[in-house]
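Trainee: Going down the list, the sequences are from chains A and B.
Per numbering that gives the first Met the number 0: the first sequence = residues 0 to 695.
Per numbering that gives the first Met the number 0: the second sequence = residues 0 to 146.
No lab work stands behind these hints, which were simulated from the structure alone.
If you're wondering where the values come from, they're calculated on a predicted model, not measured in any experiment.
Among the hints, a few may not be true.
Claimed, not checked - Quick list of in silico lysine-lysine cross-link-like pairs, DSSO-like style, CA-CA up to 30 angstroms:
1. LYS672(A) to LYS23(B)
2. LYS579(A) to LYS81(B)
3. LYS599(A) to LYS553(A)
4. LYS323(A) to LYS63(B)
5. LYS39(B) to LYS579(A)
6. LYS63(B) to LYS672(A)
7. LYS669(A) to LYS39(B)
8. LYS39(B) to LYS537(A)
9. LYS579(A) to LYS548(A)
10. LYS644(A) to LYS599(A)
11. LYS240(A) to LYS29(A)
12. LYS14(A) to LYS157(A)
13. LYS669(A) to LYS23(B)
14. LYS170(A) to LYS159(A)
15. LYS164(A) to LYS90(A)
16. LYS81(B) to LYS669(A)
17. LYS450(A) to LYS599(A)
18. LYS553(A) to LYS579(A)
19. LYS548(A) to LYS447(A)
20. LYS39(B) to LYS672(A)
21. LYS666(A) to LYS23(B)
22. LYS39(B) to LYS644(A)
Stated by the list, open to error - Each pair of labels, with its calculated beta carbon distance range:
23. THR62(B) to ILE8(A): 49 to 59 angstroms
24. ASP105(B) to LYS14(A): 28 to 38 angstroms
25. ALA120(B) to ARG318(A): 42 to 52 angstroms
26. LEU132(B) to THR107(A): 55 to 65 angstroms
27. SER73(B) to LEU654(A): 54 to 64 angstroms
28. ILE125(B) to ASN329(A): 51 to 61 angstroms
We put the beta carbon where it would ideally sit given N, CA and C, even for glycine.
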Amino acid sequence: MDVSQYLEIFIEETKEHLQSLNEHILILEKEPENDATINEIFRAAHSLKGMAGTMGYKKMQELTHDMENVFSEIRNGKMKAFSELVDVVFKGLDALEAYLVNIQTDGTEGDQDSSDIIDSLNNILNAGLGIANTTNKDKEVESLAGDIKTSAPDVDSKYKFRFLKIDEHEKKAIAKAYSINLNVVGLTVYIHEYCVLKGARAFMINRTLEEHGEIIKLDPSAQDLEDEKYDYDYSAFVITKDSPEKIIDAVLAVSEVKEVVADYIQLNEMELNTYLAAIKQDEIPTSTYKVPKEPGSLKAGAKVPSKQHTKPVANRSVRVDIEKLDVLMNLVSELIIAKNSLVSSSSTLHNELEISFFDQIEYLERVTTNLHESVMKVRMVPIESVVNRFPRMIRDLSKSLNKQMELYMTGEETELDRTVIDEIGDPLMHLLRNAADHGLESTEDRVKLGKDPVGAIYLDAYQDGNNVVIEVRDDGSGINVDKIRAKAIDRGTITEEQASRMSDKDIIDILFMPSFSTSDSVTDVSGRGVGLDVVKTKIEALGGEIEAKTVLGKGSNFIIRLPLTLAIIQSLMVTISDEKYALPLGNIQTVENIDSSSIKKVNGKEVLNLRGDVIPIIRLGELLDCPKGEEVDQLLVVVVKKGEKYAGLVVNELLGQQEIVIKSIGKYIKYHKTISGATILGNGEVALILDVNTLV
Amino acid sequence: MAETNSKQYIDIRLGEDLYGIEIKYIDSIIVMQNITRVPKAQSFFLGVINLRGEVIPVMNLRTKLGLEEEEFTSTTRIMIVKPEPLASPVGLIVDEVNEVITLNDDDVNIMNYDENDSKAAYSAGIGKLGDNLVNILNIPELIGKED
Numbered sequence: 000m001d002v003s004q005y006l007e008i009f010i011e012e013t014k015e016h017l018q019s020l021n022e023h024i025l026i027l028e029k030e031p032e033n034d035a036t037i038n039e040i041f042r043a044a045h046s047l048k049g050m051a052g053t054m055g056y057k058k059m060q061e062l063t064h065d066m067e068n069v070f071s072e073i074r075n076g077k078m079k080a081f082s083e084l085v086d087v088v089f090k091g092l093d094a095l096e097a098y099l100v101n102i103q104t105d106g107t108e109g110d111q112d113s114s115d116i117i118d119s120l121n122n123i124l125n126a127g128l129g130i131a132n133t134t135n136k137d138k139e140v141e142s143l144a145g146d147i148k149t150s151a152p153d154v155d156s157k158y159k160f161r162f163l164k165i166d167e168h169e170k171k172a173i174a175k176a177y178s179i180n181l182n183v184v185g186l187t188v189y190i191h192e193y194c195v196l197k198g199a200r201a202f203m204i205n206r207t208l209e210e211h212g213e214i215i216k217l218d219p220s221a222q223d224l225e226d227e228k229y230d231y232d233y234s235a236f237v238i239t240k241d242s243p244e245k246i247i248d249a250v251l252a253v254s255e256v257k258e259v260v261a262d263y264i265q266l267n268e269m270e271l272n273t274y275l276a277a278i279k280q281d282e283i284p285t286s287t288y289k290v291p292k293e294p295g296s297l298k299a300g301a302k303v304p305s306k307q308h309t310k311p312v313a314n315r316s317v318r319v320d321i322e323k324l325d326v327l328m329n330l331v332s333e334l335i336i337a338k339n340s341l342v343s344s345s346s347t348l349h350n351e352l353e354i355s356f357f358d359q360i361e362y363l364e365r366v367t368t369n370l371h372e373s374v375m376k377v378r379m380v381p382i383e384s385v386v387n388r389f390p391r392m393i394r395d396l397s398k399s400l401n402k403q404m405e406l407y408m409t410g411e412e413t414e415l416d417r418t419v420i421d422e423i424g425d426p427l428m429h430l431l432r433n434a435a436d437h438g439l440e441s442t443e444d445r446v447k448l449g450k451d452p453v454g455a456i457y458l459d460a461y462q463d464g465n466n467v468v469i470e471v472r473d474d475g476s477g478i479n480v481d482k483i484r485a486k487a488i489d490r491g492t493i494t495e496e497q498a499s500r501m502s503d504k505d506i507i508d509i510l511f512m513p514s515f516s517t518s519d520s521v522t523d524v525s526g527r528g529v530g531l532d533v534v535k536t537k538i539e540a541l542g543g544e545i546e547a548k549t550v551l552g553k554g555s556n557f558i559i560r561l562p563l564t565l566a567i568i569q570s571l572m573v574t575i576s577d578e579k580y581a582l583p584l585g586n587i588q589t590v591e592n593i594d595s596s597s598i599k600k601v602n603g604k605e606v607l608n609l610r611g612d613v614i615p616i617i618r619l620g621e622l623l624d625c626p627k628g629e630e631v632d633q634l635l636v637v638v639v640k641k642g643e644k645y646a647g648l649v650v651n652e653l654l655g656q657q658e659i660v661i662k663s664i665g666k667y668i669k670y671h672k673t674i675s676g677a678t679i680l681g682n683g684e685v686a687l688i689l690d691v692n693t694l695v
Numbered sequence: 000m001a002e003t004n005s006k007q008y009i010d011i012r013l014g015e016d017l018y019g020i021e022i023k024y025i026d027s028i029i030v031m032q033n034i035t036r037v038p039k040a041q042s043f044f045l046g047v048i049n050l051r052g053e054v055i056p057v058m059n060l061r062t063k064l065g066l067e068e069e070e071f072t073s074t075t076r077i078m079i080v081k082p083e084p085l086a087s088p089v090g091l092i093v094d095e096v097n098e099v100i101t102l103n104d105d106d107v108n109i110m111n112y113d114e115n116d117s118k119a120a121y122s123a124g125i126g127k128l129g130d131n132l133v134n135i136l137n138i139p140e141l142i143g144k145e146d
C-alpha cells in the first residue's frame with residue numbers, strides 16, 4: 000500500500016499525540032490516581048502505535064508498543080507512575096520525536112537505536128509488577144477501610160464500582176433506600192470494543208436501568224457518557240427492588256454489551272445508622288409529603304451533570320494551508336477597498352440617489368467589517384500551542400539543575416497571529432531557562448532564606464488592548480542592580496558618570512544590550528544577560544517590546560508586549576512633501592510643533608532640545624529623496640522611541656490615525672531600507688510604511 | 000502545417016516603434032493609475048500600484064529600453080505581465096496597446112545581437128507584420144528574477 004500521501008497527516012497527528020503524551024504524563028506524575036489522564040495517555044500511545052505500524056515505521060512501533068505495555072499496567076492499577084518511570088517514558092518520547100524529525104526530513108526513521116530505552120522500559124515493567132502486588136494490596140486495604148463494604152468481598156478488578164467514592168448525599172440516598180426496604184445495586188458495564196456509538200449505547204443501558212429503578216450515580220457522569228468520554232466500561236449505582244442478577248440480565252439484553260458485573264452496595268453499620276437518624280429527623284417536622292419527594296430530589300441529584308451544558312466540544316477544526324488564508328485575506332482586503340471607493344463616490348452624488356441606496360451601502364459596510372474581523376480571527380492561534388511544551392522543559396531543567404521548581408501557567412488560551420506564534424517560542428524558552436537557571440536560588444539557599452524550597456516560575460499571558468502581554472516571572476533572587484552597574488562600568492559599557500545618572504531601570508536595560516550578552520560570565524549575576532539581546536531583537540522584529548522588572552531577593556519579571564497581529568497595525572498617516580507614508584503607532588511618543596530655529600547643529604548633525612532631552616532630528620524628506628518643498632518656519636516633528644533612544648522625524652502634515660493592512664512590496668523592486676512594506680488606502684492608492692526602528 | 004507553429008502576441012507601441020509581448024506572459028491590461036514612488040528604487044521602476052489588493056511594482060518600459068521619456072497620454076496603459084506562471088506580476092508602462100496578432104514562427108527572425116549590448120538581450124526576435132516590423136520582447140530577460 001502506498002502510504003506516502005498520508006505522510007503529512009501522519010507527521011501532524013504524531014506531533015499532536017506526542018504533545019498530548021508529554022502533557023498528560025506530567026499530570027500523571029503529580030496525580031497518579033487520575034484515571035482520565037491514564038486513559039488519555041493510553042489512547043494516545045495506542046493510536047501512535049497504530050499509525051506508526053500502518054506507515055511501516057517499525058522502530059517507532061516497537062518503542063510505542065513497549066511504552067504502551069507500561070501504560071497498560073499503570074491503567075490496570077498494577078503500577079504507579081513513579082519518577083524513574085516517568086524519566087524513561089520521557090526519554091522514549093524524545094526518541095520518538097527524533098524519529099519523527101528524521102521522517103520529516105527524508106521520509107525514513109533513520110538508524111537511531113532505542114533498544115536501551117526499550118530495555119529500561121521492560122526492566123521497569125518487570126520490577127514494577129513485583130512492587131505492584133504490594134500496591135494492589137494497599138489499595139484493597141484502603142478500600143476495605145473506606146466506607147464501602149461490599150456484601151461479598153471479591154477482589155476481581157472487574158467490579159470497578161466498588162472503588163467509587165460515594166458522596167455524602169449519595170450515602171444518604173443509599174441509607175434511605177435501605178430504610179424503605181429497597182436494594183442498592185452497584186454495577187459495571189463493559190461494552191464491546193467494536194461498538195461505534197458508545198454514547199448512544201450508554202444512553203440505552205441507562206434507560207433500561209431506569210426501568211428497574213433509580214440511577215443515583217454514574218461514573219463517568221451522564222454527560223461524559225453521552226459525549227463518549229469513557230473507555231469501554233462505566234459504573235453505576237441503582238436503587239431498585241430487584242436483585243443484582245435481574246439487573247445484569249436486563250442490561251445484557253441491550254446489544255453490544257460484553258459483560259456486566261453487579262452486586263449490592265451497603266454502607267457500614269455505623270454510617271447507616273447516622274444517615275438513617277438524619278433522615279428520620281428530616282422527616283419529623285415535614286412528615287408525610289416529603290417522603291414521596293425524596294426520590295425526586297435523588298433524581299435531580301443524579302441528573303445534575305447533564306444539566307450543565309458546558310459540553311466541551313470535541314476538536315471541531317479543519318486544517319487549512321496558511322496560503323489559502325492569505326488568499327482569502329487578500330480578497331477581503333480587495334472587497335473593503337471596493338466598498339470604500341463605493342462609499343466615497345456615493346457621497347459626491349448625494350442628491351441624485353435614493354435613501355435605500357445609502358441603506359444598502361451602510362449594510363455592505365457592516366458586512367465587510369465583520370467579514371474582515373472574522374478572517375483575521377481565523378489567523379489567530381491560541382498561545383497554548385507554543386507554551387504547552389514548557390512544563391516538560393521545566394521538569395527536565397529541575398532534574399538537570401537539581402533545583403526544585405514548579406511552572407505555573409495562565410492564559411494559555413490567549414490568541415496571537417499565526418506568524419507571531421511561530422516565532423515567539425524561542426524567546427520564551429530562553430526567558431524560562433534564564434529564570435530556572437539564574438533566577439531561582441538553589442533549594443538549599445531557598446531553605447536558608449526561609450523561602451518555599453520549591454521555586455516558582457510563572458508564565459502569564461493576557462490581552463491588553465491591542466497588545467498581548469506575556470510575563471515570565473520567578474520568585475528567585477532577583478537582579479542585583481548594583482552588580483550590573485559595577486560590571487557595566489568595569490566593561491566600559493557606560494562611564495561612571497553615566498552610571499550615577501542612570502536609574503535602576505536604565506541599568507536593568509543594559510542586560511538587553513548585545514555587548515553585555517556574550518563573553519565571560521558575570522560572577523554573582525552569572526550570565527544573567529546571556530542571550531537577552533537575542534530575545535529582545537526577536538521580539539522587536541515581531542513589532543513587540545520587552546522590559547524587565549526586579550526586586551532584589553523577591554524575584555524578577557520579564558514583560559513582553561506583542562501586537563495582536565502582524566497583518567494589521569495601527570499607524571499614523573503623514574505626508575512628506577505630498578507623498579503619503581504610514582508610521583507604526585507603537586513607536587510614536589509625541590508629536591511636536593516646533594520653530595525651525597530651535598533646531599541646533601551638533602557635530603554637523605541636527606538635534607533638538609526637547610524639554611531637556613537632546614534628540615536627533617531626521618528630515619524624512621531628504622532621507623527619502625522627496626521633491627523639496629519650501630522652507631517653513633514651523634516644523635511638525637513626530638517623536639519616536641526605540642528602546643531608550645529617541646528621534647524626531649520631520650513631516651509635513653498629519654493625516655490621522657488609521658488601521659492599515661501590511662502588504663509586501665515584492666522582490667523585483669529595490670527600496671530604501673527604512674521602508675518595511677506598503678499598504679492600500681481607502682481610495683485605492685498605495686502608501687509606504689516606514690520602519691522607525693531602522694531610523695533611531 | 001504553418002498554422003500549428005504560430006504564436007499570439009499583443010502588439011504595443013512605444014513612440015513610432017512596435018513591440019510584441021507573447022500572450023502567455025500577460026495577466027491583464029489596465030489604464031494608467033496613481034503610482035506611489037518608492038525611494039531608492041531602480042530608475043526604470045516608477046513605483047508601486049494597487050492591483051486588486053496586491054502591491055505590484057511598475058516599470059517604465061521606455062526607460063528600461065533606453066528610450067526617451069514621454070508624457071503619459073490617454074492611450075498610455077499598464078501591461079501586467081508575469082515572467083513565470085507562478086511569479087509575482089510586474090506592470091509595464093506602454094504608450095498604446097494595439098491589438099492581438101498572430102505570427103508564424105517562420106516570420107520571426109532571431110537576431111544575432113551584440114554581446115556587449117545589454118538592451119539587445121531584451122529582444123526575442125523580430126516579427127514581420129505586413130510592412131511593419133515588430134520587436135518581440137523577451138519578458139523573462141526584461142523583468143529579471145525575483146531576488
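Trainee: None of the hints should be skipped; say for each whether it holds.
Mentor: Structure-based check of each hint:
1. LYS672(A) to LYS23(B): 34 angstroms, violated
2. LYS579(A) to LYS81(B): Holds. LYS579(A) to LYS81(B) sits at ~28 angstroms (cutoff 30 angstroms).
3. LYS599(A) to LYS553(A): 46 angstroms, violated
4. LYS323(A) to LYS63(B): 35 angstroms, violated
5. LYS39(B) to LYS579(A): The given pair, whose Cα atoms are some 16 angstroms apart, holds under the 30 angstroms limit.
6. LYS63(B) to LYS672(A): Between LYS63(B) and LYS672(A) the Cα gap is close to 23 angstroms, so the pair holds against 30 angstroms.
7. LYS669(A) to LYS39(B): 7 angstroms, holds
8. LYS39(B) to LYS537(A): 27 angstroms, holds
9. LYS579(A) to LYS548(A): Measuring from Cα to Cα gives roughly 39 angstroms; hence the hint is violated.
10. LYS644(A) to LYS599(A): 19 angstroms, holds
11. LYS240(A) to LYS29(A): 42 angstroms, violated
12. LYS14(A) to LYS157(A): Cα-Cα ~34 angstroms, so violated.
13. LYS669(A) to LYS23(B): 26 angstroms, holds
14. LYS170(A) to LYS159(A): This hinted pair holds, its Cα atoms lying about 18 angstroms apart.
15. LYS164(A) to LYS90(A): Violated, because 35 angstroms separates the two Cα atoms, which is more than 30 angstroms.
16. LYS81(B) to LYS669(A): 18 angstroms, holds
17. LYS450(A) to LYS599(A): 56 angstroms, violated
18. LYS553(A) to LYS579(A): Violated - the C-alpha atoms of LYS579(A) and LYS553(A) are around 50 angstroms apart, more than 30 angstroms.
19. LYS548(A) to LYS447(A): 25 angstroms, holds
20. LYS39(B) to LYS672(A): 9 angstroms, holds
21. LYS666(A) to LYS23(B): 22 angstroms, holds
22. LYS39(B) to LYS644(A): Answer holds: LYS39(B) to LYS644(A) is near 26 angstroms, not above 30 angstroms.
23. THR62(B) to ILE8(A): 49 to 59 angstroms: 51 angstroms, holds
24. ASP105(B) to LYS14(A): 28 to 38 angstroms: 59 angstroms, violated
25. ALA120(B) to ARG318(A): 42 to 52 angstroms: Hint holds: Cβ distance 45 angstroms, inside 42 to 52 angstroms.
26. LEU132(B) to THR107(A): 55 to 65 angstroms: 59 angstroms, holds
27. SER73(B) to LEU654(A): 54 to 64 angstroms: Taking Cβ atoms as reference, SER73(B) and LEU654(A) lie about 30 angstroms apart, which means the hint is violated.
28. ILE125(B) to ASN329(A): 51 to 61 angstroms: 40 angstroms, violated
Hint compliance for this structure: hints 1, 3, 4, 9, 11, 12, 15, 17, 18, 24, 27 and 28 are not met, and every other hint is.
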